[in-house]
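Asks: Number 664 in this note's numbering belongs to position 112 of the sequence shown; there are no gaps in the numbering.
No lab work stands behind these hints, which were simulated from the structure alone.
The beta carbon of each residue, even a glycine, is placed where N, CA and C say it ideally should be.
Treat the hints with care, since some could be wrong.
Claimed, not checked - No farther apart than 25 Å at their CA atoms in a straight line, the calculated lysine-lysine pairs in the PhoX-like style are these:
#: 1; residue 1: Lys650; residue 2: Lys607
#: 2; residue 1: Lys670; residue 2: Lys650
#: 3; residue 1: Lys607; residue 2: Lys670
#: 4; residue 1: Lys670; residue 2: Lys647
#: 5; residue 1: Lys607; residue 2: Lys647
As the list claims (entries may be wrong) - Pairwise CB distance ranges, derived in the manner of DEER restraints:
#: 6; residue 1: Gly637; residue 2: Val663; range: 30 to 36 Å
#: 7; residue 1: Gln668; residue 2: Pro603; range: 15 to 21 Å
#: 8; residue 1: Val610; residue 2: Lys650; range: 16 to 22 Å
#: 9; residue 1: Glu669; residue 2: Ala636; range: 26 to 32 Å
#: 10; residue 1: Glu632; residue 2: Ala611; range: 20 to 26 Å
#: 11; residue 1: Lys670; residue 2: Val615; range: 17 to 23 Å
#: 12; residue 1: Thr666; residue 2: Gln628; range: 20 to 26 Å
#: 13; residue 1: Glu632; residue 2: Ala602; range: 30 to 36 Å
#: 14; residue 1: Gln634; residue 2: Val600; range: 30 to 36 Å
#: 15; residue 1: Ser638; residue 2: Phe671; range: 29 to 35 Å
#: 16; residue 1: Gly653; residue 2: Asp604; range: 16 to 22 Å
#: 17; residue 1: Ala636; residue 2: Ala656; range: 29 to 35 Å
#: 18; residue 1: Glu632; residue 2: Val600; range: 34 to 40 Å
#: 19; residue 1: Cys623; residue 2: Leu665; range: 16 to 22 Å
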Amino acid sequence: PPHATPTAVPQHHPRAMAAVARGNVGHFRNGHLIPSPATAAAARDPPVVAPDAVKQLVAGREVVILSLPNCSQCDQLREEAQAAGSARVAECYVKWDKASGEYAELRRQLVALTGQEKFT
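Full structure from sequences and hints, please.
Replies: Written out as structure tokens, the structure is:
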């Protein structure tokens, strides 16, 4: 029906409770996504990354393994280092998440530091 009103989910319903528990719930209005207050705040206040964050990360370390989620090569390198008896693997293995607000700046710093655009 053209003028039907949406049926609200009762507050005691599991879906409503899960949505409230997440606390980061947006909604649609006139076909446009209205972000949750938490998402809107994150967009206004992007994460701050120190201008020398990557330099600080590698300073004084012989080896640093930078990894991304779902990188089988990175995971294999970590496993091989652990199998070889390297007790300090946890100290040199760092995972970055491309979805995080800090990733673009960290990658920019890494490119500036190494002079490389591609990493494998």
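Asks: Could you run down the list of hints and mark each one as holding or not?
Replies: Structure-based check of all given hints:
| no. | hint | result |
| --- | --- | --- |
| 1 | Lys650 / Lys607 | holds (19 Å) |
| 2 | Lys670 / Lys650 | holds (15 Å) |
| 3 | Lys607 / Lys670 | holds (18 Å) |
| 4 | Lys670 / Lys647 | holds (17 Å) |
| 5 | Lys607 / Lys647 | holds (16 Å) |
| 6 | Gly637 / Val663: 30 to 36 Å | holds (33 Å) |
| 7 | Gln668 / Pro603: 15 to 21 Å | holds (20 Å) |
| 8 | Val610 / Lys650: 16 to 22 Å | holds (20 Å) |
| 9 | Glu669 / Ala636: 26 to 32 Å | holds (30 Å) |
| 10 | Glu632 / Ala611: 20 to 26 Å | holds (25 Å) |
| 11 | Lys670 / Val615: 17 to 23 Å | holds (20 Å) |
| 12 | Thr666 / Gln628: 20 to 26 Å | holds (21 Å) |
| 13 | Glu632 / Ala602: 30 to 36 Å | holds (31 Å) |
| 14 | Gln634 / Val600: 30 to 36 Å | holds (33 Å) |
| 15 | Ser638 / Phe671: 29 to 35 Å | violated (21 Å) |
| 16 | Gly653 / Asp604: 16 to 22 Å | holds (18 Å) |
| 17 | Ala636 / Ala656: 29 to 35 Å | holds (34 Å) |
| 18 | Glu632 / Val600: 34 to 40 Å | holds (35 Å) |
| 19 | Cys623 / Leu665: 16 to 22 Å | holds (20 Å) |
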